[in-house]
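Following the hints, position chains B, C, D, E, F, G and H against chain A.
Protein chains: 8
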Amino acid sequence: MVTVYILINCTAGKTLSAAKKVAKIKGVKEAAAITGPYDIIVKAEAADLKDLGEFVIEQIQAVEGVERTMTCVAV
Amino acid sequence: MVTVYILINCTAGKTLSAAKKVAKIKGVKEAAAITGPYDIIVKAEAADLKDLGEFVIEQIQAVEGVERTMTCVAV
Amino acid sequence: MVTVYILINCTAGKTLSAAKKVAKIKGVKEAAAITGPYDIIVKAEAADLKDLGEFVIEQIQAVEGVERTMTCVAV
Amino acid sequence: MVTVYILINCTAGKTLSAAKKVAKIKGVKEAAAITGPYDIIVKAEAADLKDLGEFVIEQIQAVEGVERTMTCVAV
Amino acid sequence: MVTVYILINCTAGKTLSAAKKVAKIKGVKEAAAITGPYDIIVKAEAADLKDLGEFVIEQIQAVEGVERTMTCVAV
Amino acid sequence: MVTVYILINCTAGKTLSAAKKVAKIKGVKEAAAITGPYDIIVKAEAADLKDLGEFVIEQIQAVEGVERTMTCVAV
Amino acid sequence: MVTVYILINCTAGKTLSAAKKVAKIKGVKEAAAITGPYDIIVKAEAADLKDLGEFVIEQIQAVEGVERTMTCVAV
Amino acid sequence: MVTVYILINCTAGKTLSAAKKVAKIKGVKEAAAITGPYDIIVKAEAADLKDLGEFVIEQIQAVEGVERTMTCVAV
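Residue numbers (our numbering), protein chains in the order written: chain A, 1 to 75; chain B, 101 to 175; chain C, 201 to 275; chain D, 301 to 375; chain E, 401 to 475; chain F, 501 to 575; chain G, 601 to 675; chain H, 701 to 775.
Isolated chain A (complex conformation):
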């Protein structure tokens, strides 16, 4: 099991709605809108690194308003 933290930047004005949608994605344990250089922080779990790549890229990045994601893998 791989645990990751994903720092997300959103299009201006889309943070709150994107955070709500991201929170409902399978594997996402937590999603919060935050101040500072990132707009949303997500904690998620994936089966392995391959799953992570497809999970992050295909699910979270498909949410409207998500502009950039940066994935940090717990080690």
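Hints are supplied without guarantee of correctness; some may be wrong.
To be verified - Taking lysine-lysine pairs in the DSSO-like style, the calculated list, with each CA pair at most 27 Å apart, reads:
| id | chain 1 | residue 1 | chain 2 | residue 2 |
| --- | --- | --- | --- | --- |
| 1 | E | Lys443 | H | Lys720 |
| 2 | E | Lys424 | B | Lys114 |
| 3 | E | Lys424 | H | Lys743 |
| 4 | C | Lys250 | F | Lys543 |
| 5 | A | Lys21 | D | Lys314 |
| 6 | C | Lys229 | A | Lys43 |
| 7 | A | Lys43 | C | Lys221 |
| 8 | F | Lys514 | C | Lys220 |
| 9 | G | Lys620 | D | Lys329 |
| 10 | G | Lys626 | D | Lys329 |
| 11 | G | Lys643 | G | Lys620 |
| 12 | E | Lys414 | D | Lys324 |
| 13 | C | Lys220 | A | Lys43 |
| 14 | B | Lys114 | E | Lys421 |
| 15 | B | Lys143 | F | Lys529 |
| 16 | A | Lys14 | B | Lys143 |
| 17 | D | Lys350 | H | Lys726 |
| 18 | H | Lys729 | E | Lys420 |
| 19 | E | Lys450 | E | Lys426 |
| 20 | H | Lys743 | E | Lys421 |
| 21 | H | Lys729 | E | Lys421 |
| 22 | D | Lys314 | E | Lys414 |
| 23 | G | Lys629 | D | Lys320 |
| 24 | A | Lys43 | C | Lys224 |
| 25 | F | Lys520 | C | Lys250 |
| 26 | C | Lys214 | G | Lys614 |
| 27 | G | Lys643 | C | Lys214 |
| 28 | E | Lys429 | H | Lys724 |
Stated by the list, open to error - Output of the computed footprint for chain B on chain A, the stretches with three or more beta carbons under 8 Å from beta carbons of chain B:
| id | region |
| --- | --- |
| 29 | 9–22 |
| 30 | 31–44 |
Stated by the list, open to error - Restraint-style ranges between C-beta atoms, simulated for each label pair:
| id | chain 1 | residue 1 | chain 2 | residue 2 | range |
| --- | --- | --- | --- | --- | --- |
| 31 | D | Glu358 | G | Lys626 | 33 to 43 Å |
| 32 | D | Ser317 | A | Lys26 | 18 to 28 Å |
| 33 | H | Glu754 | F | Glu558 | 29 to 39 Å |
| 34 | D | Glu358 | H | Lys724 | 31 to 41 Å |
| 35 | C | Thr211 | H | Ala762 | 22 to 32 Å |
| 36 | G | Lys626 | C | Asp248 | 46 to 56 Å |
| 37 | H | Thr711 | A | Lys26 | 40 to 50 Å |
| 38 | F | Lys529 | H | Thr711 | 24 to 34 Å |
| 39 | H | Lys724 | F | Glu558 | 16 to 26 Å |
| 40 | G | Asp648 | C | Ala223 | 17 to 27 Å |
Everything labelled a hint here was simulated from the structure, so no lab data went into it. Heads up, the beta-carbon is just placed ideally off N, CA and C, and yes, glycines get one too.
Frame of chain A, contents of chains B, C, D, E, F, G and H only:
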């Protein structure tokens, strides 16, 4: 009362007009166009963190030319 | 109650030991060593912003190996 | 011969497809999708700096989904 | 007289053409396409800070392909 | 008259004490400890750019705990 | 097997000597001194994420002159 | 001939003295103290990339107060 400083990046060519519009938003105490990695610096006050989230996201990010905002909370 | 995420950079070689110490600080709900531009991610709770300032600055920054902290406030 | 490493950011959702296309460009020795602040890392070789400028700008940046490239020259 | 260095990011694929156009703007002493986190570096001179604001924003940012400018003032 | 905003990073654990000392420096109009990538934000005024260089470098950077300063000039 | 790219910053003046030492560490496939925001780029392989954490932190960060490492995991 | 721009960060309080020393190094065409995220900007020329590596690392980084250098190669 929460005091925040908001560092704003604008679409190329929109800084001066965006700064003027941001300065008129309720709660904004100061808005200046600046050199360096950010285009506008704003000082603003909100009643609490919930108010801040909605204030920043709904008012400032709705200004034409505002591309990204980074909020720094005074502690 | 204020919830914050704190992104921490450590002195080279001190990440794992610092993460263990940070995890024991009162108010810290979670502390994980991560890949990417930050070395540790922390989720913490403080009573209010004043408490946060003193909490972050006096407790986490006092841990050996903690070089920089960036606090992101949940909104 | 100039060896360069190119760190690429992609439009959300385009990383995997862009990485595959970049890998086929002449001069590209390696292209991998990665976690962290960049989406793809490329190792490439060019005859000289002039060639590099035209190579990077005209070939890689023309790939769909490539948003920004940062070139690091091996010294 | 104010001397400034302007670090410019361009839309992917527009660096070389933008550098040529920027080089012809009045007050620009030098414009070079570069590797690394910025795409073009410009040295320019303005009569004063007010002139600088209008010079940078209205002339350089109007060039096709210029996405962001960061101005550094010589002190 | 030149108005500047200075974003300051401090040595871990020194933010609050440094902010108090910076606030007393001549020309400093405001100094606040903040969350996010910078530790202190300062608003200051200098007679001209030469004055600014010497003001920033010699006064603020001499405060114990000040590690880096980034000056943004109001335009 | 986990493949990672590690972007390293060195103390001023230590890049070339650190790159040579890092290249000899077990698991490191490639280490090159580069221009731009990072000083050395490393390609390495680890058995799994746990191994990676200990590998990066204990071996590379122990090299004299290595100031910061940022690990990017191939996905 | 390789032309490079080097963006330098200095230890707090050392910018002006470091800029003067860097300006005297062979190959340096221009060195100016600047506002923003970097403290000094240098324009320099080297015979080739190998020369550049040794030139940057051995000469500029040896100047007292120089903490980090980022080299951008003109293409």
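Hint-by-hint comparison with the structure:
no., hint, in the structure
1, E:Lys443 - H:Lys720, "holds (19 Å)"
2, E:Lys424 - B:Lys114, "holds (22 Å)"
3, E:Lys424 - H:Lys743, "holds (20 Å)"
4, C:Lys250 - F:Lys543, "holds (22 Å)"
5, A:Lys21 - D:Lys314, "holds (20 Å)"
6, C:Lys229 - A:Lys43, "holds (13 Å)"
7, A:Lys43 - C:Lys221, "holds (21 Å)"
8, F:Lys514 - C:Lys220, "holds (23 Å)"
9, G:Lys620 - D:Lys329, "holds (22 Å)"
10, G:Lys626 - D:Lys329, "holds (23 Å)"
11, G:Lys643 - G:Lys620, "holds (14 Å)"
12, E:Lys414 - D:Lys324, "holds (22 Å)"
13, C:Lys220 - A:Lys43, "holds (19 Å)"
14, B:Lys114 - E:Lys421, "holds (20 Å)"
15, B:Lys143 - F:Lys529, "holds (13 Å)"
16, A:Lys14 - B:Lys143, "holds (22 Å)"
17, D:Lys350 - H:Lys726, "holds (25 Å)"
18, H:Lys729 - E:Lys420, "holds (22 Å)"
19, E:Lys450 - E:Lys426, "holds (16 Å)"
20, H:Lys743 - E:Lys421, "holds (21 Å)"
21, H:Lys729 - E:Lys421, "holds (24 Å)"
22, D:Lys314 - E:Lys414, "holds (20 Å)"
23, G:Lys629 - D:Lys320, "holds (22 Å)"
24, A:Lys43 - C:Lys224, "holds (20 Å)"
25, F:Lys520 - C:Lys250, "holds (15 Å)"
26, C:Lys214 - G:Lys614, "holds (20 Å)"
27, G:Lys643 - C:Lys214, "holds (22 Å)"
28, E:Lys429 - H:Lys724, "holds (22 Å)"
29, 9–22, "holds (count 5)"
30, 31–44, "holds (count 4)"
31, D:Glu358 - G:Lys626: 33 to 43 Å, "holds (40 Å)"
32, D:Ser317 - A:Lys26: 18 to 28 Å, "holds (23 Å)"
33, H:Glu754 - F:Glu558: 29 to 39 Å, "holds (34 Å)"
34, D:Glu358 - H:Lys724: 31 to 41 Å, "holds (39 Å)"
35, C:Thr211 - H:Ala762: 22 to 32 Å, "holds (24 Å)"
36, G:Lys626 - C:Asp248: 46 to 56 Å, "holds (50 Å)"
37, H:Thr711 - A:Lys26: 40 to 50 Å, "holds (49 Å)"
38, F:Lys529 - H:Thr711: 24 to 34 Å, "holds (26 Å)"
39, H:Lys724 - F:Glu558: 16 to 26 Å, "holds (22 Å)"
40, G:Asp648 - C:Ala223: 17 to 27 Å, "holds (22 Å)"
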